[in-house]
Structures are given as structure tokens and as C-alpha cells.
Amino acid sequence: MQLNRLFETIYILLNRKNVTAKELSEKFEVSIRTIYRDVETLSATGLPIYMSRGNGGGISLLPEFVLNKTILSDSEKNDILSALQSLNAVNASSTNNTLSKLSTVFGIDSLNWIEVDYSDWSDTKKTVFETIKQATVNRTLLHFNYYNKNGDSSRRTVEPITLWFKDKTWYLKAFCLNKDDFRVFKLNRIQNIEGTNEHFEKKDFPNISASKEVTIQSTKIVIKVDSSQSYRVYDEFDEKDIVKNDDDTYTVTMNFVEDEWVYGYLLSFGNYAKVLEPPHIKDILVDRMKKSLENYS
DNA sequence: CGGCCCACATTTACGGTCAA
DNA sequence: TTGACCGTAAATGTGGGCCG
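For the first sequence, full-length UniProt numbering begins at 1 and goes up steadily by one.
Treat the hints with care, as some may be off.
[Claimed, not checked] In silico DSSO-like links for lysine-lysine, alpha-carbon gap of 27 Å or less: (1) K244 - K224; (2) K244 - K166; (3) K274 - K240; (4) K133 - K166; (5) K202 - K173; (6) K133 - K173; (7) K166 - K274; (8) K179 - K203; (9) K202 - K186; (10) K291 - K244; (11) K224 - K240; (12) K202 - K125; (13) K220 - K282.
[Unchecked claim] Each pair of labels, with its calculated beta carbon distance range: (14) N15 - G264: 54 to 64 Å; (15) S292 - Q134: 17 to 27 Å; (16) G264 - T20: 50 to 60 Å; (17) E258 - R16: 53 to 63 Å; (18) G54 - K27: 19 to 29 Å.
For the record, the hints were derived by calculation from the structure and aren't laboratory data. C-beta atoms are modelled at their ideal positions from N, C-alpha and C, and glycine is treated no differently.
Starting from the given sequences, assemble the full structure and let the hints guide the process.
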């Protein structure tokens, strides 16, 4: 990967609306295939780069990106220039280095600081996650159907801000255009997600505690677990939430958003755990087990 | 003759593989 | 990492024939 080729490509794109891969390949004296690979790399940094086919087609940056001064100021353009010059002078070598410089210049925090292994996720969940990730990085609007607790669905258009992992579950912090307010969406309840090319100005998500609207109501649940499950207890909970009892059992305190998942999760301990608090969850679980029993009798 | 449609050509992107 | 080669797809351009 020739380093400054990427920078120069961007610089050319900033000054020209469109350039074909062939043209670039001739300029840089590399093959067309290499140019396409470069574009792939640039795209991976979150740069809104796209290509169009046919006569008059070629490689370009999203016009909003080039024109919008808030995204790319003159000083940032100068940054690119100086980065180019310094690279020419130093002749540095490392793709990672290039990518992080690019990210810095463009103010895009899309580097691989986090890795999510979703090999055992369903295709739907993967799609939802990937679409949100792309839209968050590129700051483009998202459309999706959202199911609330009661199973009612509504079509939403949102400005994604952050993917958020809390209590073993993924959430999306976003600005909802339908409600004209900030909202937190549970990924599991999102369906028929669609990305768009419509850009938006990034807003800062308000402090959770400052806004009641977006507070996620979690329930304090206390369970007593058999010692045979110690591997699960220490694997899945924080040490400070685990109390080892004299009778060789564990008392675990957890805070979860109460929903189907939690009931299933608690039941997954089978007869090795017992819910101590709150009473209403106890009742729900008893009810479920009774119904399960009926199914098998 | 002018306008329309269709088939074909051209230009460009896109992804895979393999060897250097 | 790159280049060479392969096939494929999509958008656009072109030319010829048909029809009113």
C-alpha cells in the first residue's frame, strides 16, 4: 500500500467532482485493480466515497461531504495537504498509520477499536447491526420498524448517534425524527431496517440521567444460585454483585431491563437458581413453568 | 422527415483468483 | 501488496429500422 497515494486520491477528489479509476491508475502508474482496492480501503475508514458506472462515471466523494464546511473546513483541507507533504518527506510505512491519519484529518472515529464477533448471530441481527454501524459512521439517516413492549410497531426515521452495549444487550442511541427527540432503541426490536444516503448533522446525545425520556428502566433482580453453577456465575456477573453464602450457594444481584429475554435467561438456570426478588418476577416464572408443564402433559 | 424503439457497442465499476 | 487476467453488471451512446 503506497501511503500517500490514498491521501493524494482524496485530495484529487476534493478538488475534482469525479475521476475514473483508469485516470488514477495512469497518474499513479499502478493498475486499475489497485485503485479499486485503494477505494475499498478509503471506504473502510468511513469516508463517503462512492463510484458510478457507465460513461461519465467514476470515483467521487459525496458532494455534501466536500461542500459542507462544518464537516470539512478549509483548515482541514490544509491538514490534508500538510499530511501529504510530510508523508512525502518522511516516507512512512504502515497502513494502520495511514488510516489513523485519515481518520484524524476527517474527524471520523471509525477505526477498529472495537471488534464484535457475531458469527452466531442470525442474519437479521447481523444486517441490523451492520446497517446501523455504517449509518452511524457515515452520519446517514435510518428507517426501521420498531416494536415497543406491547408489540406495537411503528415506522421510524432516526439519526443514529451511538451503538450502545448495556446489560448484555445492544441498543441504539439516536435522534428520532418522528418523536423529534432523543430515543434509545433496543436492537432486538428493530425490523426491516433500511439505510439511506441522506446526511445529517451530528447531535450530542444528552446525558442519560438528565433526560427521563430516554432512561432505561431496569429492575433489580436477586437470585440464589446453586454452587454447581459457579462457572456461570463468575462468567456472567461482576464479582461485586456476587455473594458466596455459608450453605455453598451464591446470591447474585443484577439489574436488567425487564422483558422476554430476562425471563428466558432466568429460566435457563433451570432448577439451579431461585429468584428471591422481586416477587412479581417469581410469579411470572412460576406461571411460565406451569404452562410449559401443561404443554408436556 | 421526425420520432420512437430495439439491438448492439462502449465505457466504467466490481469481485475473484493466482502468481510474483 | 500488487498486477494480470478473468468474467460480470450497469449506465450510456449509437445506429438502423419501423411507423405515422
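So which of the earlier hints does this model not fit? Numbers 10, 15, in rising order.
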